[in-house]
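Based on the hints, put chain B in the right spot on chain A.
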Amino acid sequence: MTWTKAKLGMSMLILAESVFFFMLILSFIYFRSESLKTAAATLHLPMTSIYTVCLLASGFTLWRGRLAPTIALGVIFLLGQGREYLALLQSGVTMSQGLFGTTFFTVTGIHVIHAALGLILLGFVSFGRLAAPAIAMFWYFVTAVWVVVFAVVYLWTFV
Amino acid sequence: MSGVLGAVDHKRIGVLYLFSALIFALIGGAEAMVMRAQLSLPNLKLLTPDTYNQVFTMHGTTMIFLVVMPVLTGFGVYLIPLMIGAHDMAFPCLSAVAFWLHIVGGLLLYLSFATGNAPNAGWFSYAPLSEKQYSPGPGLDFWAVSLILIGSGIIASAINFIVTIAASRTAGMTIRRLPLFVWMNLVNAVMIIFALPVLVASLVMLLGDRLLHARFFDAAQGGSPLLWQHYFWIFGHPEVYIMILPAFGMISEIIPVFSRKPIFGYPFVAASTLAIAFLSYGVWVHHMFAVALGRTLLSVFAAASMLIAVPTGVKVFNWTTTMLGGSIRFTTSMLFAVAFLLEFTIGGLSGVAFAAVPVDWQMTDTYFVVAHIHYVLFGGTLFAVFAGVYYWFPKMTGKLLDEPLGRWHFWLIVVGFNATFFVQHILGLLGMPRRVYTYADFPWWGPLNLISTIGAGILTFGVLLFVANVLVSLRFGAVAGCDPWNAWTLEWAEDFSAVTVQSRRPLWDLKHPEAPDWVPES
Numbered sequence: 001m002t003w004t005k006a007k008l009g010m011s012m013l014i015l016a017e018s019v020f021f022f023m024l025i026l027s028f029i030y031f032r033s034e035s036l037k038t039a040a041a042t043l044h045l046p047m048t049s050i051y052t053v054c055l056l057a058s059g060f061t062l063w064r065g066r067l068a069p070t071i072a073l074g075v076i077f078l079l080g081q082g083r084e085y086l087a088l089l090q091s092g093v094t095m096s097q098g099l100f101g102t103t104f105f106t107v108t109g110i111h112v113i114h115a116a117l118g119l120i121l122l123g124f125v126s127f128g129r130l131a132a133p134a135i136a137m138f139w140y141f142v143t144a145v146w147v148v149v150f151a152v153v154y155l156w157t158f159v
Numbered sequence: 160m161s162g163v164l165g166a167v168d169h170k171r172i173g174v175l176y177l178f179s180a181l182i183f184a185l186i187g188g189a190e191a192m193v194m195r196a197q198l199s200l201p202n203l204k205l206l207t208p209d210t211y212n213q214v215f216t217m218h219g220t221t222m223i224f225l226v227v228m229p230v231l232t233g234f235g236v237y238l239i240p241l242m243i244g245a246h247d248m249a250f251p252c253l254s255a256v257a258f259w260l261h262i263v264g265g266l267l268l269y270l271s272f273a274t275g276n277a278p279n280a281g282w283f284s285y286a287p288l289s290e291k292q293y294s295p296g297p298g299l300d301f302w303a304v305s306l307i308l309i310g311s312g313i314i315a316s317a318i319n320f321i322v323t324i325a326a327s328r329t330a331g332m333t334i335r336r337l338p339l340f341v342w343m344n345l346v347n348a349v350m351i352i353f354a355l356p357v358l359v360a361s362l363v364m365l366l367g368d369r370l371l372h373a374r375f376f377d378a379a380q381g382g383s384p385l386l387w388q389h390y391f392w393i394f395g396h397p398e399v400y401i402m403i404l405p406a407f408g409m410i411s412e413i414i415p416v417f418s419r420k421p422i423f424g425y426p427f428v429a430a431s432t433l434a435i436a437f438l439s440y441g442v443w444v445h446h447m448f449a450v451a452l453g454r455t456l457l458s459v460f461a462a463a464s465m466l467i468a469v470p471t472g473v474k475v476f477n478w479t480t481t482m483l484g485g486s487i488r489f490t491t492s493m494l495f496a497v498a499f500l501l502e503f504t505i506g507g508l509s510g511v512a513f514a515a516v517p518v519d520w521q522m523t524d525t526y527f528v529v530a531h532i533h534y535v536l537f538g539g540t541l542f543a544v545f546a547g548v549y550y551w552f553p554k555m556t557g558k559l560l561d562e563p564l565g566r567w568h569f570w571l572i573v574v575g576f577n578a579t580f581f582v583q584h585i586l587g588l589l590g591m592p593r594r595v596y597t598y599a600d601f602p603w604w605g606p607l608n609l610i611s612t613i614g615a616g617i618l619t620f621g622v623l624l625f626v627a628n629v630l631v632s633l634r635f636g637a638v639a640g641c642d643p644w645n646a647w648t649l650e651w652a653e654d655f656s657a658v659t660v661q662s663r664r665p666l667w668d669l670k671h672p673e674a675p676d677w678v679p680e681s
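Those protein sequences? They're chains A and B, same order as listed.
Here the first sequence stands for residues 1 to 159, where the numbers follow this note's numbering.
Here the second sequence stands for residues 160 to 681, where the numbers follow this note's numbering.
With the rest of the complex left out, here is chain B:
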C-alpha cells in the first residue's frame, strides 16, 4: 500500500493514472447505461427528471475529467521519459502530487452523491442555472471545487511534461527527432497552460457567486450569464483538442510500426499540430451560435472553425499515406488505429457541419451534438487509447494482451459504438433534444432510441471483455520480450542508455546498421 501512496516513479504513476481512469470509465459507463435504459422506450419513467440531470452531468464530467484527461496523462507520464531517454520526469514528486490531486478531486465529485444532490447542470454548467437560486443544493459546489483540484493537477502535470521534454532529453534527441507522441504532448502541455487556468478562473468566479453572493453571472443583480459562456468555452474549445492531440500522437506511433514504414510527412504532422493549437483559441464562439452575437462575429468564428478542419485533415492524409504501400500487420492495436481514422473522420465531418451557423441553429442541443462529440471523443480518443493499450501493454506488464479476445473486443466495440451513436445523428435531425429525460412517441424516435440502447449494451459487453482480457493476459498472457512489435522508438530499447540517437528511429538504426535513417558523414 505504501508502494502506491508513496510512488513517485513515472512508470508507477503512469500505471496508476491508467488504472484510476479505467475505474472511473466503468462508473461513467454505468451512468451512460442508466441513461440509455431510461431512453430505451418512449414515455418511460425509470428515473425522475432530476436524477436524470444528475446522471448526465456526472457522466460528462467523469468521462472528460476523470477518464479521458487522466488516461492521456497516464500514457504521457509513462512514455515520455522512456521515449526521450530520460530517467524520470523532471519533477518526480510533482507527478505524484498531480495524480493525487486528480484522485482527491474525483472522490470529492462522487462524494456529492452522499449529499443527495449531485451536480445537475450539465458538464458546462451554464449560468444562471448553476447559480444558487436555481441550484440551491451543494452539488455544484462539489463540482466546482473538485474541478479546481483536478484542473490544478492537470496544469501541474503539463508543467512537468514541458520541463521534462525541454530539459531531460538524451544526447542526440533533438526537437526534430522527437517521437510524434512526445511532440504532440509538448504542444498539448502548452495548450493546457493557456486553457486550464481559464477554467479555474471561471470556477473561482462561480464559487464566489454561490458561496459569497458575488454577482458575476447573476443577470438579476447586474451580472452576465453570457460571461460564463465565453469563459467556459475559451477553456472548453482548446480542451476539445487537448483531449485529442495525445491520441493523435499515439496513432502517429502505432500506424507506422504496423505498416512497416516511417510516418509520411513528419514535419507536416508536427506543424499541423501547432496550427490546431493556435486556431483552437479562436473558435470558442461556435459553441454559442445560438446566442445573438451579431452576424459579423458569427461569420468570423464560423470561418475559423471550418479552417481548423484543414490541419486536422492534413494529419488524416498523413496517416493514410503512411499505410499506403506498407506491409500492414492487422494486430488488434492496428485495427483500433484504422477504426480510429474512420470514426474520427465521421466525427470531424459532423463537426464541420456545425461550423455552418444555420446548420448549428437547427441542430444545437439536439442528439446530433451528442453523436458528434461521441464520435470524436469515443470513436476518436478512446479508440486511439485502446490501440495504445494493446500496443504498450507489453511494455508496461511484460505480457501480450490476448489477440483472439482482442478481436472480439474490437468488433463488439465497433458494432456497439456505431449502433449507439450513428442513429443519434438521425435522432438529432428528427429534432430530438438532448438532456431531456423522456420523450413522446414521435415517428421513429422509439425504434431509433431502442437501437441506440441495444448498441450501448453491446458496447458495455465489449468494454467488460476488454477488462477480462487485461485480467486474463496479466496472469496467462504470452511473455512479450522487450520489443514485441519490432518497433523503432526508444521505449522499446532493452537499455536506452546504450542507444545513440541519430535519427527519428534510433532502434531501426540499431537493428539495421547497413541502412540507417541518418546519413553517415564521410
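Same shape as in the complex, but just chain A:
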C-alpha cells in the first residue's frame, strides 16, 4: 500500500485516538472488580454479540469496496447499542448509578460517537467528497476498538 499524506495523517490520528481509548478502557479495568456484579447482571451478551458480528461484517464489506452495505451494517450496530443502552437505563444503570455505569457509558459512549462520526464520513465518501482510503482506515479503527471493548467489557465479564 502506498503511503499518501492523507493515509499517513490518518494513521497518526488513529495512533492518538488509540492512546485516548486505551486510557478510557484502562479506567474500566481499574474499577472492574467493583463493577463486575452489575455488569454480569445487566449486560446482554447474546444480542450484543450479534451486533458485534454486524460491525465486523461492515469492516469486511468496506474491505471489498462496498460502501452501501457498510453504512447499513454500521447503522444496525448503532441501533444495537441504542437497544443495549435502553435496557440498561430501564434496569436503573446510569452514569451516576455506580462505577459500572460510569465506566461503561464513558467507554462505549465515546465509541458510539466515533462510530457515528465514521458513518457520516463514509457518507461523504459515497458522495465523492473525501479521500476514501483514509476514511476507510478510520472505519477499520472504529471496528478494531469495538473488538477490544467487547472483549474487555463483555467477554471478560462472562468467562
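Among the hints, a few may not be true.
Okay, the calculated beta carbon distance ranges per label pair [what the hints assert, rightly or not]: (1) B:A512 x A:G123: 53 to 59 Å; (2) B:S458 x A:A40: 36 to 42 Å; (3) A:A131 x B:P208: 39 to 45 Å; (4) B:I182 x A:P46: 41 to 47 Å; (5) B:A430 x A:L89: 49 to 55 Å; (6) B:D524 x A:S49: 46 to 52 Å; (7) B:R335 x A:L89: 56 to 62 Å.
No lab work stands behind these hints, which were simulated from the structure alone.
By construction, the Cβ of each residue, glycine as well, lies at the ideal position given by its N, Cα and C atoms.
For chain B alone, kept in the frame of chain A given last:
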C-alpha cells in the same frame, strides 16, 4: 481581516501563533504581577483567598497552554517547511484549524471570568477539589472544555508536523541531514501524539463527573482521586519535555551559527532527544512522591527520574563544546542562548534534587517547586524563545530587532528573572508553602518575598521593553536582507528550490564550494 481569518499559509499561521502567544503572555504576566503584589509583604490582604486561587490557576494554565505551547508551535509551523524545503505544511487547512481551536479554547478559558468564577483548582486540578461538591461553580467546566479544544488543536498540529516532515522534504534532505530544530520537533510531535490524548481522556472523565454525576474521581462514591493524579501526570510529565524540546531545537540552531562552528556531536544531540522522549513516559510518579505508593515503586521512579538527567546533560555538553574554540558573536540572540544554558542547568539541577524521594517529601508544595519550574520553563524555554525571536525576526519581517534595546531587554530579563525566582529556592527551603495567598511574618519570609516582587517588576519592565523593541524595529528597524547572520540552513536561502541539499549545512556548501561539508564522489 479576512486575510487573518482565512489564512492557511504556514508563515501567516506561524506569525498568528506568535502574536496570540505574546498577547496571552502579557495577560499571564499581569496575573503573575497581581500575585507578586499580594505576596510582597506579610499578612497583606489585597486579594481574597478565592481570587488568589483563580489568579494562580489562570496564570499556570495560560502560560502553559496559551503561551509556551503555541509559541513553540508557531515557530514550528513557520520554520519547518522552510527548513526542509517544502512549500507549505502537508495539510495547510489543518494548521489553520489547529490555530483557531487554540484561540477558541483560550477565549473560552477567559470567558470564565464573566461567570464570576474562574477555575481555581491549580493547573493540575487535583480531585476531589476539582469535583462538583468542592468546586460547584462553572469555572472548572470552562477549564476542562477549553483544554479539550486546545489539546485537540495541539494534537492536530502534531499530526501535521509529522506528515510534513515525513512526506514533504526536498530532494537530498535525508533524516540524518534534518536541521536539529526539525529533528526535535519531529520527536516532540510523536510525544504529543502519545501524551495529549491522555489529557483529553482525563478531562472527558472529569467532565463526566462534573456534568453527568459520574464517579471516576469521587472517593465518597467509590471513585479514585488517585486515578486523576496518575492520569494527569502520565500526560503531565511528557508535557514538561514537550515544552522544552523545540526550545532545545532552537538553541541547537542558534549556538552553532553564532559560534561559527557546526554543532558538536549531531548524532548525540538527536539520539539524546529520543532517550528523553522514551524516558519521559516512565517518570510521572515523581510528581506523586507524597502519595503513599510503596517504597519499591518510589525507588523505580526516582531512579528513572535521575536517569533522564543524563541525555539532557549530554545536550548541554554538546552545546558548550560547540561554543568551545568557536569565534563567538554575542548578538542578543546568542546572549539569550548562553543564558539559557546557565538558567536551564540550574533548573535541571533543582529537578534532579526532587528525584530524591526524601528531598521531595521535604520540599513538595513549597516555593522550591515554583523556583524549579520557572527555571526550566522561563529560564529554559522562554529564554530560548527570546533567542529564537531575535534570530528569526529578520526572516519573518525583513527587519532586524534593535541590538542596543535588545541588550537592555536581555539584562533586565536576566536580573529580573533571577531576582524573582532564585530567592524562591530559599523560601522553599525555609518552608514557605506555594498556593497560599498570604503568610505570617516569619524570619526572612518578608524580605525574600519583597526581593522576589521587585524582581518581578524588573522582569515586567524587560518584557515591555521587548514589546517596544518589536514595535520600534518593525517600523524603523534596519533592513535585514535574506541572510543577516550568515547562516547555513535552508530557511535563509533566497530561493530554496535553487539549493541542492548534500549535507546538514546546505547554505555553507553554497557559499563555500571550495570546502563543502560533503565529500564529492571522485
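We went through each hint and held it up to the structure:
{"no.": "1", "hint": "B:A512 x A:G123: 53 to 59 Å", "in the structure": "holds, 57 Å"}
{"no.": "2", "hint": "B:S458 x A:A40: 36 to 42 Å", "in the structure": "holds, 39 Å"}
{"no.": "3", "hint": "A:A131 x B:P208: 39 to 45 Å", "in the structure": "violated, 54 Å"}
{"no.": "4", "hint": "B:I182 x A:P46: 41 to 47 Å", "in the structure": "violated, 58 Å"}
{"no.": "5", "hint": "B:A430 x A:L89: 49 to 55 Å", "in the structure": "holds, 54 Å"}
{"no.": "6", "hint": "B:D524 x A:S49: 46 to 52 Å", "in the structure": "holds, 51 Å"}
{"no.": "7", "hint": "B:R335 x A:L89: 56 to 62 Å", "in the structure": "holds, 58 Å"}
Comparing the model with each earlier hint shows violations of hints 3 and 4; every other hint is respected.
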